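Heads up: the sequence lines are chains A and B, in that order. Adding 236 to a residue's 1-based position in the first sequence gives its number in the numbering used here. Adding 236 to a residue's 1-based position in the second sequence gives its number in the numbering used here.
Hints in this document: simulated from the structure, not taken from any laboratory. Treat the numbers as computed from the prediction; the structure is a model and nothing was measured. Hints are supplied without guarantee of correctness; some may be wrong.
It does not matter which identical chain is meant; a pair holds if it fits inside one copy or across any two.
Stated by the list, open to error - Below 30 Å or equal to it, Euclidean Cα-Cα: the simulated BS3-like pairs (lysine-lysine) are:
no., residue 1, residue 2
1, 544, 486
2, 370, 267
3, 416, 551
4, 249, 267
5, 416, 544
6, 240, 319
7, 249, 370
8, 240, 551
9, 551, 477
10, 498, 544
11, 477, 370
12, 551, 267
13, 486, 240
14, 302, 319
15, 249, 486
16, 267, 302
17, 498, 370
18, 486, 416
19, 544, 319
20, 370, 416
21, 370, 319
Number of protein chains: 2
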Amino acid sequence: MADKVLIYSRFPKTMMARFAERFDLLDTGGKPARDVFPADELSGIRALLTGGAQPLGAEAMDQFPKLGAIVCYGTGYDGIDLKAAASRNIAVGHSPGANAASVADIAMTLMLATTRRILVADQYVRSGDWAASKQSPMMRPQAGMPGRRIGVYGMGEIGRKIAARCAAFESEVGYFTRTKYDLPYQYFPSLEALADWCSVLMIAVRAGAETQHVVSADILGRLGADGYVVNISRGSVIDEKALVAALSDKTIAGAGLDVFEKEPHTPDALTALPNVVFAPHIGGHTLESHVAMQNCVLANLTAFFEGKPLPYAVKSA
Amino acid sequence: MADKVLIYSRFPKTMMARFAERFDLLDTGGKPARDVFPADELSGIRALLTGGAQPLGAEAMDQFPKLGAIVCYGTGYDGIDLKAAASRNIAVGHSPGANAASVADIAMTLMLATTRRILVADQYVRSGDWAASKQSPMMRPQAGMPGRRIGVYGMGEIGRKIAARCAAFESEVGYFTRTKYDLPYQYFPSLEALADWCSVLMIAVRAGAETQHVVSADILGRLGADGYVVNISRGSVIDEKALVAALSDKTIAGAGLDVFEKEPHTPDALTALPNVVFAPHIGGHTLESHVAMQNCVLANLTAFFEGKPLPYAVKSA
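Turn these sequences into a full structure, and let the hints guide you.
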């Protein structure tokens with residue numbers, strides 16, 4: 237009989253297909269598990285699969301007395317209370333690096349789309365305004381990529397891929413992380429210093445309690461009127477209210493956002509802004525990224541049920 | 237007294253400001269010169285500034301009996317009848333490479349925006365459909381950049397910059413030009429072979445009579461249902477009717493277009509398509525690109541009026 241795995245978050249069925257071949261999936265569809273499955277079924281659950289951003293604390297863990305493994309689909313695990321898991325001997329796994337290229341590429345897409353104002357450009361052609369020789373909204377040239385100062389906040393696998401791509405665009409690349417690495421980019425010892433220097437701030441830091449709202453009104457102000465912010469990490473890293481204010485009063489020029497504080501909810505004041513390019517958290521959503529993330533999930537679940545350590549365990553867990 | 241320069245095409249005044257400091261500009265605003273200036277004024281014109289795509293043949297040249305220099309703003313000069321100019325001892329100048337990075341970057345922007353479906357993504361968030369948990373139009377994951385086969389047609393300065401950028405995205409890069417170069421990319425001996433191999437065709441070839449409609453229904457068909465075409469060269473290189481048909485019946489997946497056959501006119505059947513990202517010929521339209529192009533224009537005009545050869549002369553002229 238196949239081992240049982242509880243699907244704790246809401247995932248499309250197609251993303252679960254490879255797991256269904258190997259395991260007996262109890263799919264909550266993102267609803268509370270107790271509302272979907274009888275208590276005696278839940279009491280036997282030893283492993284669950286979740287989205288790393290979804291809150292999963294001590295109380296939730298205690299619904300499943302036999303729980304031994306929490307496996308996150310994707311690289312993030314910011315929703316998981318790691319201390320609570322550790323104290324219950326629950327292993328936590330994720331998919332490190334599996335989606336790094338895909339996420340770095342959505343960062344590049346959002347940066348280019350925003351700085352080259354592609355939504356405005358597309359609409360000018362599509363509406364017929366260009367054909368009618370109406371005044372172009374693109375008249376004032378914008379700064380391009382060569383020589384542009386790109387500040388990367390976070391230098392994990394995603395940050396490094398963003399940096400490498402930006403360098404190929406002939407941009408200058410700087411970064412801030414707590415640790416200085418041996419990398420061919422300028423290191424800044426604080427986020428403030430990075431924001432003072434750069435014109436595009438790329439947020440690629442691993443999110444957690446200590447990064448909550450660190451991209452504040454002050455940091456945005458340091459980017460300046462020609463500055464942009466791109467976030468592909470987690471919405472929690474930016475103070476979203478401060479961002480709406482900075483974009484509305486032109487404290488900064490624009491933003492590219494794949495992540496938001498309370499997904500899928502986005503403030504109307506934000507989505508009404510013309511100087512933002514939005515994406516619905518699709519950074520890791522490419523064919524090869526899903527295959528790589530699923531490989532990690534399968535390896536983690538298989539190892540767990542064989543009584544082995546998770547090959548892709550969260551390091552601090 | 238400052239030397240006179242006829243502004244033959246329609247240019248924004250801001251783009252002419254640096255020239256106005258050095259020369260006496262006769263600005264046609266893109267209208268026929270004879271309608272704007274008296275014949276005796278035109279008869280003294282020795283140099284004109286034009287957009288390289290605007291037709292300028294023998295008859296037009298003969299309006300200006302003393303014409304000695306045609307200076308194109310930008311890299312293109314496909315509108316100029318080079319034989320007619322040569323037979324009249326008219327030098328033709330342009331701005332080689334000045335806008336290469338800017339144009340390569342719009343190619344990358346269009347490719348990423350198209351393949352990652354950023355218009356659809358933005359609209360899904362902006363409309364509130366995501367917040368309302370309506371069915372996502374992004375459900376089916378798309379192929380990303382790592383391992384994607386990018387075919388670059390043309391390996392001048394723009395093509396090389398596109399290739400270098402794509403390589404940084406971990407894509408495979410192939411190219412077709414008449415000449416095989418010593419480059420770290422796979423060479424294909426024909427456009428057909430390149431189109432059979434690649435999933436994104438990047439058109440970066442210098443346009444002219446011999447490239448008219450070479451990207452035909454046959455070439456588009458070879459790209460296949462997962463294929464994309466991006467054009468930042470000239471609209472004339474693609475058979476636009478065949479492109480509309482291929483996009484409409486899903487022969488190919490999508491397109492990113494900065495240039496069109498009859499700018500600024502674009503067929504309604506084209507602009508109605510959801511699987512295209514449009515830009516109004518803004519490839520070279522960045523601050524640093526304009527500065528570089530203006531440097532070439534100033535150097536060409538200054539040399540001409542000093543009786544010297546144009547430093548940025550069109551090579552085949």
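Here's how the hints hold up against the structure:
no.: 1; hint: 544 / 486; in the structure: neither (54 Å within a copy, 48 Å between copies)
no.: 2; hint: 370 / 267; in the structure: between (51 Å within a copy, 17 Å between copies)
no.: 3; hint: 416 / 551; in the structure: within (20 Å within a copy, 49 Å between copies)
no.: 4; hint: 249 / 267; in the structure: within (15 Å within a copy, 61 Å between copies)
no.: 5; hint: 416 / 544; in the structure: neither (34 Å within a copy, 54 Å between copies)
no.: 6; hint: 240 / 319; in the structure: within (25 Å within a copy, 77 Å between copies)
no.: 7; hint: 249 / 370; in the structure: between (47 Å within a copy, 16 Å between copies)
no.: 8; hint: 240 / 551; in the structure: within (25 Å within a copy, 71 Å between copies)
no.: 9; hint: 551 / 477; in the structure: neither (33 Å within a copy, 56 Å between copies)
no.: 10; hint: 498 / 544; in the structure: neither (36 Å within a copy, 65 Å between copies)
no.: 11; hint: 477 / 370; in the structure: between (35 Å within a copy, 25 Å between copies)
no.: 12; hint: 551 / 267; in the structure: within (29 Å within a copy, 68 Å between copies)
no.: 13; hint: 486 / 240; in the structure: neither (53 Å within a copy, 41 Å between copies)
no.: 14; hint: 302 / 319; in the structure: within (17 Å within a copy, 84 Å between copies)
no.: 15; hint: 249 / 486; in the structure: between (42 Å within a copy, 26 Å between copies)
no.: 16; hint: 267 / 302; in the structure: within (20 Å within a copy, 81 Å between copies)
no.: 17; hint: 498 / 370; in the structure: between (39 Å within a copy, 16 Å between copies)
no.: 18; hint: 486 / 416; in the structure: neither (33 Å within a copy, 49 Å between copies)
no.: 19; hint: 544 / 319; in the structure: within (21 Å within a copy, 77 Å between copies)
no.: 20; hint: 370 / 416; in the structure: neither (51 Å within a copy, 44 Å between copies)
no.: 21; hint: 370 / 319; in the structure: neither (60 Å within a copy, 35 Å between copies)
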